[in-house]
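Going down the list, the sequences are from chains A and B. In terms of our numbering, the first sequence opens at residue 4 and continues consecutively. In terms of our numbering, the second sequence opens at residue 11 and continues consecutively.
No lab work stands behind these hints: they were computed from the structure. You may find that some hints are simply not true.
To be verified - Here are the simulated distance ranges between beta carbons:
id	chain 1	residue 1	chain 2	residue 2	range
1	A	205	B	47	51 to 61 Å
2	B	93	A	19	37 to 47 Å
3	A	203	B	91	46 to 56 Å
4	B	69	A	122	35 to 45 Å
5	B	47	A	70	34 to 44 Å
6	A	119	B	142	21 to 31 Å
7	B	84	A	122	48 to 58 Å
8	A	203	B	88	47 to 57 Å
9	B	111	A	119	50 to 60 Å
10	B	142	A	19	25 to 35 Å
11	B	226	A	70	50 to 60 Å
Don't be surprised by glycine CBs; every beta carbon is placed ideally from N, CA and C.
Listed here are the chains, written in short residue letters.
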Amino acid sequence: MISVDRISKRYGSGESSVVALDDVSLTVAKGEIYGVVGQSGAGKSTLIRTVNSLEKPDSGTVTVDGQNISLLQGARLRAARHNIGMIFQHFNLLSSRTVQANVELSLEIAGVERSARRVRVAEILELVGLHGKANAYPAQLSGGQKQRVGIARALASNPSVLLSDEATSALDPETTQQILDLIRNLSKELGLTVLLITHEMDVVKRICDSAAVMSQGRILEQGTVESLLTTEKSLLGQALFPLGEIPDTANTVVEITFNGVTADRPVIAQLARTHGIDVGILGAALETIHGHQAGRTRLELPGTAEVTDRAIADLRSQGLFVEVVK
Amino acid sequence: MIDRNDPSFWSDLFETILKGAGETFYTVGFSLLLTVIFGLAAGVLLVATETGGLLAKPFGSRALGLVINRALDLLVNIGRSIPFIILMILLIPFTRMLVGSFIGATAAIVPLTIAGIPFFARLVEIGIREVPVGLVEAAESLGANRWTILTKVLVAEAVPAITLGLSTTIVGLIGYSAMVGAVGGGGLGDVAFRYGYQRYSPEYMFAVVILLILLVQVFQSLGNIASRRLSHR
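Let's have the full structure, built from the sequences with the hints guiding it.
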């Protein structure tokens, strides 16, 4: 649905220029929720803005629904944008308009007739859980409600793609969960393809099917969330399941990454029994992601190199990702 | 010197002031109308034609946008830097060309409008600049064209600020209109100057001053109330 192919973007010129995007490629399948994570200044904002051509890349192409967005201009670009909704960190609602009128703006722009607009707005407000708020002004709403208006506005014209620019970054944790759940449900219900950028790893864990980690304009890793989590030395895995500092010890320390299948097995107990090692658990972070257990455990393995090597080989033979960190 | 013991003194005063107020309303009303039309356009253009603005490249020409922007900015600054009394005199030939005379209430509309436009344009510009850029981006993401963004986002969101600017402009125009009065433009200023100053009647002078204070109060309050009503921030 969305295909970003080798785009680069540079701001300014000469020595003071800043590279915002450096040869970035990614593909978002239809109906998928794709998250791009990274620190501020990593280029995520520029990346997402190329998808509806609010920014034009210096090189490379962005294709949405088979259309090369970067080549479109004028009326054809505006028409393409009706198919790409966008929500923002600071909601960007018009303070002079009621909830109803804010959502209607999207349809006014799309040239929908007044009576049809009314019907559609009522429908979409119901869908995002804002029933009865049609005549309120944005200033009278909570942050979560404002973002619901933003979502309603973005989706009013029935787009097939939703872009989310840090949509939950200004919200408290509880509201964040509610908005993320709403986005996931809408994505499923409407078959919506979602590309979101965030600096919160939790967002990825909560709703993303696939993710990319960005830093300094480059994508460092990408793939399905599950595959990234079960990849050795995955930045995403380390960020989602932080284990803290490695303690000072003479023994071998390993980190095991669990995925859905292996997490249910009593790995540590087996290890102790089979190899006679007094396994010490130094840290563990396990969570349920998309209904599967995933996470990492840091273990201390006392004993000779021969014993520990054999134990590690055994773990690996069970299909576990084992990383020797000390 | 007017004889205040004349039995018709107060009725004359009342009549004269009423006539003067009528002329003031006429000149201020018309010049305000023209000021709003041209000032709004100029204010919007000042913001829109600057680099990175919505009309930074009118007809695809960046140079044209820059020229319009700089020219407008210069004109607005010139208009605001010339003291009104001088501007009035400078404009005499222009006024005569336009309305056939430079004396009278209609003639007074010309310098008032010329002084009002740059004043109001700056206030409109400031109002529009306060609209968060995110709103423009949101409208763009919805596929809005430039006209829609200008009218439904920038100007619509700046309406409370523009309303406040409008009342400030009305107050300014009332003040200027009194000055025009002193050189033959009629209105309350003319009354105060001819009766109050030249014929030394403190009653006329005070009556005009009190009326002007009341007018300014009323318009400023109306503007404040309207702006608050229109703002939903």
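Which earlier hints can't be squared with this structure?
none
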